[in-house]
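Next come the chains, spelled out residue by residue.
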Amino acid sequence: MQISGLKYGAQLLDLVEFPYAPFLTADANKEQIQNMLAQHKKLVIKPFFAGGVGKKGKAGLVRIVDNVEDALQAKKELYFATHHYGNKTVTANGVTFEAFVPSEIEVYFSIATSTTHRKPIFTLSPFGGMDIETLPPDKKQVIWIDPFIGLKSFDITNALMDTGCPEKFISPLVQHLPKLWGLYDNYGLTTLEINPVRMMQADNRIIPVACDLKAAFDQDNPAWKRMGLPSTIFQSDITPFEAQINQLRTYQGQSDVLELNPAGSIMPFMFGGGANSAATETLGSSAIFSSDFGGNPPYEKMYDIARIVFKHWLKNASVLLIIGGKANNTDIYITFKGIFDALRDHMAAYGRTPIYTVVGRGGPNLVKGMFYGKDILDTLKLPYKMFGYDTSMIQVLEYAKRIDQWWADKGRKEYEKKKV
Amino acid sequence: MRQQKTKPFPYYVGVHSLEELVTRDSRVCVINILGSESRKVTPVSHEYSNGNIVAGVQYGRKGVLESKRGDIPVFSSIRDVMENDIFFDIGVVYLPPLAVSQAVAELATYNENLKRIVIVTEKVPSRDSRNIRFVCQEAGVDVIGCNCLGVANVWDHVRVGGALAGDHPEEALRKGSIAIHSNSGNFTTTIAEYLRTAGFGLTTAVSSGKDIYIHFALPEFLYAAQNDPRTKAVALYVEPGGYYEKQALDWIKERRFGFNKPIVVCVTGRWKKNIQRACGHAGALAGSGDDAESKEAWFDDYFGVPAFDPRNPVVSKRGVRVASIQHFPEAMRAIFDVIDEEPDFPSSGDLSLKLWISDNWFKLPAELDVPLVTAMPPYDQQIREINKQVGANYLRQNMSDKSGASRMDPRTQVSELHGKSILDLSNYTMEENIYFSLAKVMPDPADLPTINILLNLFFKMDERRMDLVDVARSNDCTPNAYIGSQIALIGDKPLLRKARAATAFLIDMIREFEIDDLTKEFPAELDAYVVTEILTKDPVRKTPISELLLKEIKKCPKKSFPIRVLQHIIKLAESNGLEIRDNYEFYLGGLAISMFWKPMLEKRISRQVVEDAVTYFYIIARIVAYSVIDRKNNAFWRELIDAKVSNLRNSFTENAFTVLFNRKPTETELYEFKALIGLTLTNGPGTLSAKGAKESVSARNHIATAFLGFLTNTGLAHGGNGFEAVGFLLEQFDKSLQDPGDPNHTLNLTKMANQAARQYRDYKKMEKETGELNYKRIPCINHPVFKGNDINIDPREEYIRGEFKNRNIYNVFLDYYHKLVEELFNEGVTKNVFCVNIDAVLAVIILKLVWKDLHEGKMTPEMVQALSFTQFLYGRAVGVAAEIADHRDRGTDMDCRTPQDKVQFVL
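Protein chains in written order, with this note's numbering: chain V, 2 to 421; chain G, 2 to 908.
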């Protein structure tokens with residue numbers, strides 16, 4: 002859950018009265034653009050992406066213009082701009098026209114969690130506007146924050162002085178930057194990055210102005226909901242399948258899924274964070290999604306998860322895989338009952354889909370759970386293999402991959418030929 | 002604020018050696034001890050750890066948590082625990098995520114002896130975890146978690162926190178020389194199991210959690226492992242995200258603390274570098290420098306050797322990285338060779354593919370065909386035992402006001418039985434719905450004749466039984482009472498008991514001998530078993546009915562194996578010149594299995610329901626049989642109860658109609674009757690009728706007595722609005738209406754409705770003027786949910802009206818009702834057009850069905866009322882069967898009792 006840009010970033014900054022560059026959204030008319038140009042001389046035009054844009058931001062997708070025609074042309078070019086990060090491609094859905102703020106320096110400021118310090122930290126540099134990681138250590142300062150006090154003015158002053166910030170900018174920054182702790186701490190943020198902050202001359206005063214913003218939210222902290230951001234802006238982060246599973250998210254029992262390859266052929270029900278990590282790695286692109294359904298989910302939740310999984314993926318899948326180590330607390334019977342009841346009900350409603358089931362699992366009520374699955378698979382006339390937890394989980398995963406391959410090549414046809 | 006520091010760390014660490022992390026002297030207090038997870042896990046920890054849990058907290062409550070080592074006292078707050086002078090030095094937190102940081106603050110505030118806190122809860126906000134760290138650093142308390150399973154000191158036989166190593170911790174936690182630190186709770190146990198195969202046991206197991214904040218992280222773990230004389234090597238499981246490992250290795254290299262024990266580490270999660278959102282562990286989301294590859298490189302650099310290759314096992318004294326957790330045993334063995342140490346105990350087993358359960362009919366190519374192996378004890382025994390079990394199993398719970406069978410959708414007000422709306426069910430016959438209420442699926446059409454035979458069979462009785470009913474009727478008993486008087490006598494009569502025993506015998510036999518669709522020949526052992534158990538040389542009683550059932554089974558065209566089993570037993574008896582003991586009951590039980598086997602194997606229904614199926618059929622059929630209103634003049638009923646078997650194949654619905662209306666139904670009437678039954682099947686578990694049955698089950702009564710509970714909980718109030726509607730319509734229509742089903746009637750319904758509306762308007766005005774606000778309402782119009790629009794519709798009524806239209810069924814009374822709500826609006830009596838509600842549908846159908854008889858004097862208004870009530874009992878009896886079966890499956894004894902603190906004394 003991330004946002005980037007001023008369109009919604011401004012809403013965050015308003016909460017703590019932190020100044021930001023005036024801007025217009027994509028629905029601005031020519032006259033409004035003209036007026037803004039008349040006032041600020043130049044405009045910075047950026048594509049708007051719902052959700053996050055990765056670590057590197059929107060580099061290369063920013064235009065600076067000084068007339069309406071160029072502004073409209075830039076809007077045309079950037080409105081549906083695409084941006085790649087990791088293995089993801091995102092498409093813009095609009096632009097912002099931001100006032101160009103002349104400034105002698107650009108300041109980088111962020112608040113984040115540091116696992117090295119095991120504390121929140123702020124990072125500050127008067128050499129902002131670029132990737133902070135490329136800056137040499139003497140040009141940036143990383144300072145830990147006492148969460149019960151927040152950002153301390155003297156820490157900011159010292160950091161700016163140590164990094165060679167011109168003196169005239171120190172006081173305005175010290176006045177405004179501490180406000181950002183209130184934003185970070187009260188609204189469920191895990192990262193807040195403002196880059197750049199430009200120093201705007203207003204009469205005799207200098208005002209730091211946020212010209213871009215990135216924020217990431219903790220989905221386990223409901224405080225972000227207080228900001229009133231439209232939930233649609235996070236939708237690009239998740240697929241419809243993920244969204245449906247996420248609705249089941251409660252503190253009891255995981256319901257985490259990540260859609261990996263919609264063209265894959267293994268539906269892996271993974272149990273436990275470790276199994277999630279190891280299984281996703283071993284299955285590679287065969288896995289349609291990655292999941293963690295551990296944490297002893299109640300029956301109703303497991304049934305709903307499985308129902309959604311089958312609704313989305315059963316038709317084109319080859320293997321139903323249930324994989325996990327020896328569960329400590331997750332009741333195998335309850336989870337298997339949820340999965341196989343959903344399978345039975347799905348097939349009763351939509352017809353039988355040939356699928357091979359592979360199970361590698363251990364834990365409380367294991368045999369009872371396995372037999373629950375066995376009885377239902379027997380009535381559905383579907384083939385299966387269930388391995389004890391004294392089998393290496395990785396070997397079960399590799400076996401499932403081989404079954405998956407064979408099922409696609411020959412197995413499914415042979416099964417259909419048998420007319421069971 | 003200044004922070005505490007413990008050398009060599011720039012922060013507070015209270016553990017010098019892993020020996021001290023938790024010990025047999027640790028005393029534990031568990032917060033939220035009676036929560037659903039803790040309630041199960043804590044007693045296991047307590048028993049494994051020599052009874053070290055001295056108290057629990059359940060906010061606002063007091064009590065005890067039972068365990069085999071004695072009760073654990075439960076207090077209402079941490080302050081309460083302290084005030085009772087209970088010493089503890091470790092807190093375990095099981096609270097929901099948003100409450101965790103508060104409990105930690107409370108623990109740190111009130112208990113100065115506190116050394117550690119283990120936080121099991123997952124999904125704790127990162128902000129709260131950060132605050133927890135600050136509070137505990139200041140208080141000098143180590144934190145393990147959040148989102149972890151806790152820690153175990155295997156040498157001291159102590160585990161603290163969550164369900165580390167499951168419900169039999171001694172299986173995975175064997176004493177040895179390895180200390181595990183794992184980001185995954187499950188892998189803590191799994192790695193321990195894997196290491197055990199190579200002969201390695203544990204000193205310590207730490208499930209660290211993998212949130213963004215890991216409070217007991219690798220630097221302090223390795224430091225404490227170094228200082229632990231028991232630990233010879235360390236096993237680590239690491240996921241991407243965070244710099245804890247780099248910091249630990251850097252500090253070792255910088256000699257901030259000494260560390261010279263070997264490490265075997267597995268880093269997984271290379272794939273996670275491409276994701277932007279955590280899946281699984283919240284903290285397993287990498288930035289640019291802390292992805293899995295980076296972490297692998299940190300360790301490889303430290304070890305000075307590449308990742309472990311089992312074909313060419315090269316390790317260093319510092320250790321080695323394994324690419325997958327399955328290589329832990331081999332890598333650890335190679336390490337022990339290098340450090341010249343022996344494993345802790347002889348190796349046992351390996352991690353090769355061990356197939357425990359498999360289908361036995363779909364051949365795989367040789368390279369994929371894995372042989373079945375006997376599972377390790379105790380699972381081998383469990384497999385043998387569980388293989389005999391069949392059918393759905395439910396967790397028993399308090400089922401008061403709860404149902405797994407029925408519910409009402411508060412939005413649509415449409416009730417459902419087993420997920421099907423009563424509107425849908427009103428399209429099915431009574432026999433189909435009886436089967437459905439038990440099996441949760443509609444019957445196979447091939448089974449319908451058998452269902453009808455069984456139901457109709459139970460009409461047969463000695464008419465003298467009805468003398469008691471006559472007495473009851475002469476005493477003005479209502480239908481529920483006079484029917485109930487007979488149902489009460491059923492108890493668990495031998496017929497039902499023996500049929501149940503026969504069903505149970507057949508189920509056991511089928512599972513014991515593993516007979517299924519693929520069985521071509523029955524084993525000789527089965528034959529011997531059958532001969533011994535149920536066949537006899539003695540003559541047995543044969544009746545026309547038992548002979549009919551025998552024929553039915555012999556010629557049954559169904560190919561399902563339960564029928565084949567029955568046919569085989571009959572053949573076996575005949576070929577050996579033997580008889581089947583209690584043959585009639587055996588055939589009944591056998592037929593029940595043949596009909597209910599599939600839903601039982603599909604786990605839709607429990608074995609108990611199948612065993613009781615004959616009982617349910619018997620009771621419902623008897624309710625209909627005893628309900629006849631004018632038996633002296635009802636020739637149809639007389640034929641149904643007599644000893645002849647010729648009429649057993651009729652539809653049970655038709656028979657029920659003839660019992661009630663004393664005539665054969667037309668096709669239209671049969672549909673209307675089905676609709677009546679379907680619509681009255683259920684109104685959810687909160688209804689009086691369902692509660693009566695459920696409360697009786699709760700008191701552990703026989704099924705027949707539970708039906709009696711339902712019957713005694715129905716009464717004249719049940720048809721209330723519907724009866725009033727019948728009365729109201731009788732005032733509006735006279736004998737000039739010949740046939741209420743004729744759309745070409747000559748009545749001017751609009752005019753009639755307008756007249757009634759005007760009359761009502763005047764009546765209402767007069768009542769108001771005289772100050773009487775409790776004036777009479779027109780029955781069956783308006784509804785608390787379906788109101789407020791310009792024109793209002795009760796969707797249930799609309800559905801039935803649509804079905805009538807599709808079938809060209811006309812009902813003048815319903816038509817009139819719709820005209821009436823319009824005219825009430827036109828005359829300004831109502832501020833919008835009210836809906837005609839579902840009760841009106843019941844009333845208009847009943848009135849239509851009895852109209853002719855009523856006006857010909859064959860029926861009196863009192864008889865119409867009894868008939869209407871009885872019809873309601875038919876429908877509800879079918880639905881109640883599902884409630885009784887559900888409560889018997891899921892409920893507990895006395896669960897419908899109201900606790901003392903919930904009852905009130907009223908002056």
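Heads up, a few of these hints could be off.
Unchecked claim - Lysine to any residue pairs mimicking SDA-like chemistry, simulated, CA-CA at most 25 Å apart: (1) V:382 - G:7; (2) V:382 - G:414; (3) V:382 - G:13; (4) V:120 - G:106; (5) V:153 - G:13; (6) V:120 - G:367; (7) V:418 - G:367; (8) V:120 - G:463.
None of these hints come from the bench; they were simulated from the model.
Worksheet item: Taken at face value, is the distance from the CA of residue 414 of chain G to the CA of residue 382 of chain V at most 25 Å?
Response: violated (38 Å)
Worksheet entry | Satisfaction of hint between residue 106 of chain G and residue 120 of chain V, Cα-Cα up to 25 Å | holds (18 Å)
Discussion item. Hinted pair, alpha-carbon criterion (25 Å max): residue 120 of chain V, residue 463 of chain G. Please report holds or violated.
Written reply: Not satisfied, since the Cα-Cα distance of roughly 86 Å exceeds 25 Å.
Discussion item. Against the 25 Å threshold, does the CA-CA distance of residue 120 of chain V and residue 367 of chain G hold or violate the hint?
Written reply: violated (57 Å)
Worksheet item: Would the pair residue 153 of chain V and residue 13 of chain G pass a check requiring their Cα atoms to be no farther apart than 25 Å?
Response: holds (23 Å)
Item to complete: Sort out whether residue 367 of chain G lies within 25 Å of residue 418 of chain V, counting only the CA atoms.
Response: OK: residue 418 of chain V and residue 367 of chain G at ~19 Å, within 25 Å.
Worksheet item: For the pair supplied as a hint, residue 382 of chain V and residue 7 of chain G, is the alpha-carbon distance within the 25 Å limit?
Response: Violated, at about 63 Å.
Item to complete: Starting from residue 382 of chain V, check that the Cα of residue 13 of chain G is at most 25 Å away, please.
Response: violated (60 Å)
The structure does not agree with the numbered hints 1, 2, 3, 6, 8 stated previously, though it agrees with the rest.
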